[in-house]
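Protein chains in written order, with the working numbering: chain B, 16 to 300; chain R, 402 to 671; chain L, 8 to 406.
Hints in this document: simulated from the structure, not taken from any laboratory. Check the hints yourself; a few may be wrong.
[Said to hold, decoys possible] With a straight-line Cα cutoff of 30 Å, these simulated DSSO-like cross-link-like pairs (lysine-lysine) come out:
{"no.": "1", "chain 1": "L", "residue 1": "Lys290", "chain 2": "L", "residue 2": "Lys195"}
{"no.": "2", "chain 1": "B", "residue 1": "Lys70", "chain 2": "L", "residue 2": "Lys232"}
{"no.": "3", "chain 1": "B", "residue 1": "Lys70", "chain 2": "L", "residue 2": "Lys249"}
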Amino acid sequence: MTARPSTAAVRQIGPATGFFLVFFVVPLAILFAMSFWTQDGFERIPGFDLANYLKATTSRLYPAVLLRTILVGFVTAAIVVPVAYALAWLMRFTFERRGRLILGVVLISLFSGYLVRIYAWRTILGTEGLLNAALLQLGLISEPITALIFSPWAVMIVLVGLLLPLAVLPIWSAMTNVGRDHVEGARDLGATGLRLHRTIILPMVLPGVGTAFALSFVLAAGDFVVPTMVGGAQGGTMVGNLIANEFRGSGADWPMGAALAFVIMGLLVLVHLVTTRLLRVVTRW
Amino acid sequence: MRPARDDAGSAGGSRAGRIVAALFVAVVLLYLFAPVVVTVLFSLTTSPRLSLPIEGLTLDWYREAFANPIFTIALTNSLLLAAITALVSVGLGVPFAFGLLRLRGRTRGTLVTASLLPAAVPALVLGIALAVFFSGIGVAQGLPNAAIGHILVALPFVILTLNARLETFDLSCLEAARDLGASPWQTFRDITFPLIRPSVLGAALLAAALSLDEFVVTWFNVGNQQTLPVLIWGLLRRGIDPTVNALATVVLLSLTGLVLGAALIARRRA
Amino acid sequence: MDDRIRQLLNARLNADVTRRQLLQGLGGMAAITVVGAGGVRAASRPGSAAAARGHQQTLGGPLNFLGYEGEEAPNVAADFLASNGITMQPSYVGAADEALTRFQTGGRGQMDLMAANKDFQRSVLDAGIEFMMPLDPARIPNAAGLWPAFRVAPWVVRDGVQYTVPLIWGDEPCIYDPAKWPEGPPAKYTDFADPKWAGELVWLDDPFTNIWLYGQSLGYADPSKITREQLDAVVQAMLASKPNVVAYGASLGDMVDIMVRGEASMGIGGWAGQLTIAREKGKEFAVKSPEIDGTFYWSDAYAIALDAPNLDNAYAFIDFMMSPEANAQIATELGSACTIEAAFDILDAETQAMFPYDVVRAEDGGVLNTQVVIPPQEDEGDIVGAGAWSEAWQEFKLS
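Looking at chain B on its own, in the form it has when it is part of the complex (with noise of 0.2 Å):
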């Protein structure tokens, strides 16, 4: 492969670069310039005081929810990712021929739409709702299981729905890379289950697990519409609510809202770099 930065690298990467730069980086630089500022009553008084972001890490609140936001990701992520890496397996060695048609159908159910989803759960897990129907129908149950809609488990069982069609895709596109010669070859040295995958899969696909990694990650912690949805009294507040509220929600401080961007971006970028790290690690046994 060649490794020079030739022109027609930079020909190729421009285009998406200057979209970026010009879309991204300058409105972003100018919301880091204003997680500087102090808010005063409806007005932002321009400045240079890190007073947010010591808010950000040392008040009663703030840590809380940070520490929070990033759990919810992780442990979305990380119930995601094995899911999604068995399906794409099985899509591409087990029903190699309608593997495909798989995908196609698992991505269909994107098209119905997230916050109607949202709403759907409800009907599936509510009291009243079909899971229970369902349950007392076949006489398992004798009452509504109340606890299934506004819990924690809610919460998981809706991110997971939405986010497992979008982890799938990467860790399959990868896996389109590994041949079947791959396979039949570790086989017979010796390598299956378990240690086939960890030892020659794994490795090979690494990148699209690590970026179906990143993706549900970093999407579980960006959302805070499941868990005030079907979270419950204890399922709310993740960094996306305070940030809401920080620019449009009553007594909104702009400035504290863009530092509380910045922290949490930071801290997701931190953790996806352990984690791909980690990851590597592990394969590589």
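Given the coordinates of chain B, assemble chains R and L onto it according to the supplied hints.
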């Protein structure tokens, strides 16, 4: 060059293994489609509560949805935005992913992580930052601004998906084609694209899906225009009702039809 | 791209139109002065206001609305809009502050009509920021029919200049399933700590509503102006009720949705308009406030954004909604109280009885004008501001 598909072999495992595998896939699909089925089902029942019992079937919610002119406007705008987002983010993302291949490991890794950043920024912050930016340079809010926001949201996922596919892509076949006298365009059309087509299609679908669901960035940048999510979020003040389900079903069916159509055409060509 | 060019052109053209309209508006004012009381009388017929002012030719085209869903009056104003060729372009907010955020992020010059709650409008006026346009009362002749309380209200008039036009008002009662709780809510909000409410409560996910109500329950004279210690005490009191809470409604509609699905049977921080929503979904609920603690009053008013591109449409629309017929109709539809005196007589007896109208009959506006629910924007000495309330609410939810 690796063969795209090998002869049927025994990698799939034993018959019992296949049954377990089929069960697993079935459970996953049931899990993913339970809310979809519920959405469609309750767009057709007379119950305005979106819950059991089901007393009767009706198409009234569809009639009601389309009687409201805002719904149709929002639907059109949303489909337009989804199409633009899919096209542009793939148009920017495919060359970017290929360009990455020509770069050294360290630079490439940094660029991949950097392209993930917009996804790590809460959508709300992206939306506000973009809105402040546009108002600063004097561009009025509207659909084009929202489209830019949607591309910004979708592009990282498109790049990541393609990058995962291309990371182990063998560039030597392209050089071989070039050595045989093929022009870059010919190489792309006859060799590269057919190899990556499934991933590109997947990435485009992903971009469209993300665009269709995008609410926050849109809200701050779309001005007085409506999109489906903006409309649906507004309607939440009165709680969800079956007309929303009817709309979601229409979107679901039209997009599924579109995807199926595209897949059929692709198969016929192949 | 065509769209953007067209929009830029529109914005440019509208800027000119606005200036022209200003002149015509002045002309209209002169006409009314000449016609005198007769002009106002004629204008009180819905849809004829513009004709009375003699510049109907400028009506038509878009009218942008940003506010609470329903207050753009899609049903009530349908004929008015159609006959004047106006296309309503509504966009909805969850919290009033969102309109200000949109205004400050490039929305200025694209926003016309807005609807928000009185306390928000009051604090915006207190802050003296650029947001709402000073209104020309001569262009809203029907607003002369407002109850006395609304003509002097601190969120309507500031330094002799009018900024808002009250549309509806009401209170924030508990909404409940009377089949399950024939007695309704307990006498005090703090009584919701009783284990008999376990798994039955749904709260509105809004810091101010709940903290204010529990502050009231703790007996604070003005629950919107409390100290840090008092705020902590309120959170403690709320925490005692929290084990009984099933969920927080993301909006008033979401709250009803949770109740209609049978997940909860008692909603705190409700709205009589929720009864209509519940009825549409086949459930009969009731509203009532705790006997001792009571509740607070709110009012939503129209305002026009500075640099509104469709000023004539906005004025004509507001004037139409201030006609007794339209005002009575929107109040009925939204389960609220009317703001126009003559509208009261048109209401059916049931809607009339829903709210204590002596509140607005008082010249000084009574409790509606003196009561504030939203805390100060910033801390004021010992009194904690909105930021502290929001944080306290989030901490409460996290605990």
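Hint check results:
{"no.": "1", "hint": "L/Lys290 / L/Lys195", "in the structure": "holds (26 Å)"}
{"no.": "2", "hint": "B/Lys70 / L/Lys232", "in the structure": "holds (24 Å)"}
{"no.": "3", "hint": "B/Lys70 / L/Lys249", "in the structure": "holds (27 Å)"}
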